[in-house]
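Asker: All chains, full assembly: derive it from the sequences and hints.
Number of protein chains: 2
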Amino acid sequence: MSPSKGILFLQSILNVQGAVQSTDDVVQWLEERNRSVKVHIEPTRFSALRNWKFQPATGNLIHESGKFFSIEGVHVHTDWGALPTWKQPVINQPEIGFLGALAKEIDGVLHFLMQAKIEPGNVNNVQLSPTLQATRSNYTQVHKGTKPLYLDYFLSCRPADVLLDQLQSEQGARFLRKRNRNIIVKTTDDPPVDENFRWLTLGQIIELMHRDNTVNMDARTVVSGIPFGDYSSAVVELSSSMSQGSINTDLLHSALDHESALHSIDDILSWLARLKSTYFLDVKPIGLNEIEDWSVTDEKIHHVEDRFFSILPVEVEIENREVATWAQPLLCPAQEGICAFVIKKINGLYHFLVQAKLECGNHDVFELAPTVQCLTGNYRSAASQKLPFLEYVLNAPKNRIIYEALQSEEGGRFYHEQNRNMIVTAPASFAEQPPDNYLWMSLNQLKTFLKFNNYLNIQARSLIAAIQFSTKAPA
Amino acid sequence: MSPSKGILFLQSILNVQGAVQSTDDVVQWLEERNRSVKVHIEPTRFSALRNWKFQPATGNLIHESGKFFSIEGVHVHTDWGALPTWKQPVINQPEIGFLGALAKEIDGVLHFLMQAKIEPGNVNNVQLSPTLQATRSNYTQVHKGTKPLYLDYFLSCRPADVLLDQLQSEQGARFLRKRNRNIIVKTTDDPPVDENFRWLTLGQIIELMHRDNTVNMDARTVVSGIPFGDYSSAVVELSSSMSQGSINTDLLHSALDHESALHSIDDILSWLARLKSTYFLDVKPIGLNEIEDWSVTDEKIHHVEDRFFSILPVEVEIENREVATWAQPLLCPAQEGICAFVIKKINGLYHFLVQAKLECGNHDVFELAPTVQCLTGNYRSAASQKLPFLEYVLNAPKNRIIYEALQSEEGGRFYHEQNRNMIVTAPASFAEQPPDNYLWMSLNQLKTFLKFNNYLNIQARSLIAAIQFSTKAPA
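Sequence lines, in order, name chains A and B.
Counting along the first sequence from 1, when you hit position 186 you're at 185 in numbering that gives the first Met the number 0, and nothing is skipped either side.
Counting along the second sequence from 1, when you hit position 42 you're at 41 in numbering that gives the first Met the number 0, and nothing is skipped either side.
Just so you know, the hints here were simulated from the structure itself, not pulled from any lab data.
Don't take each hint at face value.
Since the list gives no way to pick one copy over another, a pair counts as held whenever it fits inside one copy or between any two copies.
[Said to hold, decoys possible] Using 25 Å as the maximum straight-line C-alpha spacing, the simulated PhoX-like pairs for lysine-lysine come out as follows: (1) LYS450 to LYS275; (2) LYS66 to LYS275; (3) LYS146 to LYS275; (4) LYS66 to LYS299; (5) LYS275 to LYS185; (6) LYS66 to LYS283; (7) LYS86 to LYS283; (8) LYS103 to LYS37; (9) LYS385 to LYS343; (10) LYS397 to LYS37; (11) LYS86 to LYS66.
Since this is a predicted model, take the numbers as computed values, not measurements.
Answerer: Shown next, in the form of C-alpha cells:
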C-alpha cells in the first residue's frame, strides 16, 4: 500500500465530525428512516414458499432459478476438538458478491457513501450499510429487480482508484466457504446522492459502531480491512495533530508499528502452518435428507433438540413508499453469542489474543478468531466447559472494557441475530503462555493478514472494525 | 522475517563452493548412488496390485489402509476458458506431509542436509531431495516401515529455529487441493550424517538445478520459498562483496527491492480478487466410475483418446543393499511439457510475467503460474491455439535464455515425467499491455506471495527456485 493511501484513511478515521453532517444528525436520519419503514415477517410453510423448493433426490432447499443460495447438508470429520464427526445444514452461496464502499475526498478528508438499508432479519429495520451490497444474482438481475445504485463505479473501476480489494469470509459455522469481495473505490465525480445515502467519514462510521445494531455486518467487514500502512512513531505524532480529540496513541502504535510485535509475521505463519498440517478437516457435501439429527418439517428445519439454529420459511413485506414482497428462508439462531478480544500491552504495543478456530465452512481449516467466540448457551454452562478466557471477559471491570455493543449479523440471511461484541484490556501478566491455538498479535499484524484474504473470520473483523483511535486511553 | 535470517540465506545462495565438498563431488556422489541402485518397475494388473482395491460403490482406487492417496473422480464446472465442464480422475491425498530441510551453519554459512533419494518414477533413479520427505502416513508408520531419518528435528522444533514454514500446493490439474508443509529448521547439533546425505549450500543446490533431472521437485519447492527480506540497494553492494563470482545485481535488486515494482502488492491482490470473483470454479467429487470419457481396465485408467495421462498399476523393486518391493499406481503423462517465465526490466528491476491460472485442484480458483505452462501436444499445435507468449519462448535466441533444464515431477507419483523449465529475458517493449490474466511482478513480490501460502503454483515455484544471483548478467 502506498503511504499516501494509509494517510488518507488515517485522516478519515481521526475525523469524527464529517464535512456533510454531524454524527448525531446521521443517528436521527437513521431513526427517521427506521420509523418510515414497516417490515412484516410472516412465518409460512415451505410448501407455500414462493420460488423455493426441496430438491427431491437430496432434500436440499433451493431457489427455482438455481441461483441465490441453497440450504444443503455437510458431513464433517475432524480430529480437532471434542467432536470427531457430525452432520449439519449449511447455507451454500458459492457466488462472490460485492460489499462496496464508494469514497470521495470532501474538504480534503475521505468520506464514504453509506446507505440506510432495510433488511428483513434486522432487529431494527434499517442499519447503515456500504454503498453497494449485491450478490452476483442481484447485479446480473436474476430477480428481475432494478440495477443496484452506484453499481457501475465498482464494475468499471480503474486500478488506481481501488483503495481496498479483498475476499473475506462469512460465518464458517453456517456458510459453506462463502465469501465476499470487500472493495473501496475512490471517485472524483460528484454522483447524485440518493435519499437513502449519506457521506460519512471513517471516524463517524466507527463512532456509530459503538451504538447497538446501527452499522450492519457488511459495513463492519469493509471497514475492518482498511489498513493505515507501516509507519514509525513519528507518524503517531503527526496523527495526534490531525486528531480532533484526545488520541489513543497506544492503540495507534499497535496499528502502525511493524517492528516491535512479540512474534514476527513468519512466526505467526509457521504457527498456522503447524496447526493446519497437524489437524484435518474433511467436509463432504451431503443431502439435507441425510442428516439424522435434524428434522425437516413444513414449518422449519431444526435440530431435534432445538440446538444451534433453525431455518424458517417466511413471507417478507417491506412497506416504504412502495410495497415489496418476497419469500425466503431465514436462519434463526437458538441463542445469543459473545465475541470478545482481550488485548494487553507488550513491548509498548497493544497486542490482541487471537484464537485459531476451526469451523466446518472455513476456506482453509483454521481462521483467526477473537479470544472468545461462543454462544450464550455455552457460557451459561461455562463453569463446566471452561472455555478459555470467557470468565475474564464476563467479569471484566468497567474500566477495562474499551468497547461493548450488540451487533447484528447479516439481516438478509439471519433473523434477529445479535451478538455482544467486546474489547477488554488485560494486565501484563495475563495469558503469558496461552494455549497452543492462541497467539498475541499486534493490530498491524492483524491488518497484514486481513490484506492477504481469508485469514481473519468475520467475528474478529467485526471487532477490529470498531477500534477507535481518538478516544480516551484505556486502563 | 528478521533481516538476519535473510542475510543468512543470502550468504548461502552466494556461496557456490560449500564447506564440505565441491559441487562436482556432489554430482559424482549422486552418479555413484545412481549406479549402485537398481529400480525395477513392472507393469501389473489392478486386480493383482497388492494392498490396493477399487471401492465397489464409486469405482475409486484406494489403499486398503484408507491412507496414502486414492484415485477419484471430479466433475468440474467453470466459466473460465473454453471448456465449461468436464470430468476427470484426480489424485486425492488430503494429508499434509513434510518437505523439510535441516540447516546448519558450517564455517559461518548455512548448509542444508540434502538426501540422495530413490523414487520409483524418476527417469534416473536417484535425485537430490530435502532432508525429510514424508507423508503423515509415512511418519505415523501406517506402512510399518522404519521411522524417517531426522524426523524428530521437524516434529519438535522450537519456533526460534524455524527459518521457513509454508503450506504449498502441488499440480492442480492432477491433485485435489494437495499441499505440503515446506519447512526449514536450523540446528546447532551435529547429527550423524547418513551415507545418503550431504551438507550443501543454497548456491550449490541451485547450481545443481541447472543440470537436468538432478534436484527433485520437493527440494525445488522448499528452496523456492526462501526469502531474502526487503532491502535497499545498499545491501546489494554488500552482497556483491560476499559473492565468490560475478553477481547479477539486476536479479538481486528484483529479489530485495520492495519499492520500485510496477504494481503495488495491493494492486496485485485487487487483480486476483477481481479474477476470483468474476469467474467461478465448482469441483464436485464423483466416483471414478462416473467419468464417461475415461476407461478403467485391469491394465490402466486412461482417457478414451489417450490424452492427458494414464494411471498404471506397477510392482516396484528397489535393489540397494537390501531389496524393497511394493505395489502402487503411478501416473504416466501423455506428453512432455514446458514451463517458462519471461522476464524483463521495468524501473531497473527484473519483473516476471505471471499468469493467473485456473486448475481444477487449486485451493483457491486461481494460482500464480509461469508465463507459459503447457503440454508439448499443445505447443505442437500452437499455431492454431495461439497460446500467449509460447512462440516467443520457443524461438528465444540463446543469449536471452538465462535458465534451461529438464526437471522431473514427483517420482513417488509420476512415471518418468519431465518438463522443460526455462527463464527467458525480453526487451522493454515486450507485453506492455499483457492479457487480463497476466501481470508483471518483481521477484520480491513473488517471494511475498509465496510466504502467505498457496498463491504460486508448483510450476512457478520450480522456476523461481532455480534463480541464481552469482552468474553472468543476462542480456
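Asker: Which of the numbered hints are not met once you compare them with the structure shown?
Answerer: Violated hints: 8, 10; rest satisfied.
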